[in-house]
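Just so you know, the numbering used here puts 272 at position 272 of the sequence shown, and the rest follows in order with no gaps.
Hints are computed from structural coordinates only; laboratory data are not their basis.
Treat each hint with caution, since some may be false.
As the list claims (entries may be wrong) - Derived lysine to aspartate or glutamate pairs resembling EDC-like cross-links, with alpha carbons at most 16 Å apart:
1. Lys-111 with Glu-83
2. Lys-129 with Glu-83
3. Lys-89 with Glu-126
4. Lys-223 with Asp-207
5. Lys-283 with Glu-200
6. Lys-89 with Glu-113
7. Lys-217 with Asp-308
8. Lys-129 with Glu-103
9. Lys-3 with Glu-86
10. Lys-129 with Asp-35
11. Lys-3 with Glu-38
12. Lys-282 with Glu-205
13. Lys-129 with Glu-146
14. Lys-217 with Glu-113
15. Lys-282 with Glu-311
To be verified - Estimated spans, in silico, between C-beta atoms of each pair:
16. Asp-292 with Asp-178: 49 to 59 Å
17. Lys-319 with Ser-150: 51 to 61 Å
18. Met-143 with Lys-226: 32 to 42 Å
We put the beta carbon where it would ideally sit given N, CA and C, even for glycine.
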Amino acid sequence: MQKILLVLDQNGEGIDEPSLNLCTSVKRFARRPADRVEAVLFGPCQASLSRLLGGYGVRRVYQAPGPAGYFYSPERRAKQVLELAEAIKPSLIVLPGTVSGREIAPLLALKLEAGLVSDCVQLSFEGGKTEAVVSVYNGRYQMVCEFTGSPNVVLMADVDCGEAETDNFGDAEVVLLDDPGFHGKPALEVLEAYGVPAGEIDIGEADVVVGIGGGIKTAEDFKMMKELAAALGAAVGGTRAAVDAGWIPRAGQIGQTGRAIAPLLYLAAGVSGAPQHISGVKKGKIVAVNCDPQAPVFDLAALGAVGDFREIVPLLIQKLRMGKGRGNIGRE
């Protein structure tokens, strides 16, 4: 028998997408009759969520007190999960590869003296051992890790697992957890959460994303890139340099310290292609425009143009407006 504990979070519309992807991955893994999947959920567990999680094979949901979403204390959440894990003794604790998950997972592994793998794309059970397939070197290679002890903490990669696979298993049992309390001042406090401005396309949902970087120097440069995005029906994201310069909000930052995206097309202009940024582009073709022929982004691009984006982008906008039509380029 293998007991698996999922750590799930919510947004304003219910269980968030990374948590649902995690549920799909674990459902594909925990197929043996003796396997038991339980979950801890931050925020209220409505009847509809109990039914939804039951469809993923979750037998019991522990509702943790405290806010869902971004406004949380990592230490407080880790303590809630830790006390639950010490009580129910799961062999695996699985978290989504979100900001919250990446903060909590190492704290749990340290306190439980557990094994820890991150960027896991698949779990499997082979020869009586649990194995994790881990994505390394920005997704270029995969590594297989075998767990030799218990418990273990798994941080799933933030990848799209396809359509939800649910069955009619019935509602999950809901158990309310007591607030364990937290003494002393937390080391980290969330002051503000950045959302996507009203009327703009979220980079996490877009089929086409226009990426900007340190090459954007003026308001005219940024206006040009916004016009390109409008012609493509695209979202605008970019590097940390673009965020620090004030061109895009933090919700638009792509990369290790930002968000992961999986569009059909990522068009990068004025972006050098540093690993910290490109690691956030999980899927799709990359088209790059850069004046430096040695820019790393060209090593990953399906199509590249060496030149000043201020000369190339206006021509592209003109072509799009003449006949390509909104969004079509992302599907060709």
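* **Ascending list of hint numbers which this structure does not respect** => 2, 3, 4, 5, 8, 14 and 15
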